[in-house]
Amino acid sequence: MTENPALARRMWHQLEPVHALFWYSPDVFAEAAALGYDVGTRWPSYFAWRAAPLGAAGPERVASAFYSFSPRMVAEHIPAAWAVAPPERVLEGRWRAVDRMYRALLGDGIGDADLAEAAGLARAAAEEADTAGRPLAAANAGLPWPDEPHLVLWHAIGILREQRGDGHVAALLTHGLDPAEALVSFAAIGAASVETFASRGWTDGEWAAARDRLASRGLVDAEGKATDKGRELRDSVERMTDDLAYAPWRTLGADKADRLAQLTMPILVKVLETGLMPAQNTLGIGKVQAPPR
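Sequential numbering of the sequence shown, starting at 1184, is according to our numbering.
In short, the hints are calculated from the structure, not lab data.
Check each hint, because a few of them may be wrong.
Said to hold, decoys possible - Here are the simulated distance ranges between beta carbons:
| hint | residue 1 | residue 2 | range |
| --- | --- | --- | --- |
| 1 | Lys-1412 | Ala-1462 | 23 to 31 Å |
| 2 | Ala-1217 | Gly-1359 | 41 to 49 Å |
| 3 | Arg-1255 | Ala-1296 | 44 to 52 Å |
| 4 | Ala-1296 | Ala-1405 | 53 to 61 Å |
| 5 | Asp-1291 | Glu-1415 | 47 to 55 Å |
| 6 | Gly-1303 | Glu-1456 | 24 to 32 Å |
| 7 | Ala-1266 | Gly-1325 | 20 to 28 Å |
Even for Gly, the Cβ is constructed at its ideal location relative to N, Cα and C.
With the sequences and hints as input, model every part of the structure.
Now the structure itself:
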């Protein structure tokens, strides 16, 4: 069988927005408000929704798992999130939120056979995702599977995206990039604007210090732009990320992956048509590709 780690990236680009609508949907914010979270910004509920599978984790554990967020920003929301609602209630609300979001998005299509087929394929891939050394993937994989296909689809994509994210952290660590440096080096290759990365809570001083550390290694120039060495390092990070995320797609196979992409394309189109997804994102979706091998 021909190895094709790039398939992992292609499927991530395809599936991530189908899942990530959750972080911007007004239906999800309505469920967060019902739990008691301040929805003036997305962060109080974001930290609760995403960290809840870890249990009532403290700020150190969440900052470690989330990696690129400033520990100070994490501490503003964790453990305060669990005083609003304990993790088990947050997880119950998360299912309600996903249900509301997809019913609003898909309407009568919520019962389509294509959706059920997509859910089955996504679950098959997610169940092959290795969670050793991957705390967020393991926490989500340890949750009971729901019954409804639209919930299965969202949960499966969530396991796969956290498994990829955990592997990305491993790649960053392997390449000697701390949390702030990871963002500065990503901005340096044009993945998104510096202003977009400001959402992760680092101060101007912390950003400048991280840039100086990268400059001392010859990875960015005086203006914070990536040097050739810096681009080579980020290319290596992206290749390793794809390699570490490839196993579920290798097992599923290219034909079934293509079928999943075909089945989820109408959902992706509907997501993009909502206008809720940001034009720029901190993940480099649609902008950053791993270089040819």
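Hints versus structure:
1. Lys-1412 <-> Ala-1462: 23 to 31 Å: Between Lys-1412 and Ala-1462, where Cβ atoms are some 30 Å apart, the hint holds.
2. Ala-1217 <-> Gly-1359: 41 to 49 Å: 44 Å, holds
3. Arg-1255 <-> Ala-1296: 44 to 52 Å: Cβ of Arg-1255 to Cβ of Ala-1296: about 48 Å, so the range 44 to 52 Å holds.
4. Ala-1296 <-> Ala-1405: 53 to 61 Å: Since the Cβ atoms of Ala-1296 and Ala-1405 sit about 58 Å apart, the hinted range of 53 to 61 Å holds.
5. Asp-1291 <-> Glu-1415: 47 to 55 Å: Holds: the Cβ-Cβ distance is about 50 Å, inside 47 to 55 Å.
6. Gly-1303 <-> Glu-1456: 24 to 32 Å: Hint holds: Cβ distance 25 Å, inside 24 to 32 Å.
7. Ala-1266 <-> Gly-1325: 20 to 28 Å: 24 Å Cβ-Cβ, so the 20 to 28 Å window holds.
The structure agrees with every numbered hint stated previously.
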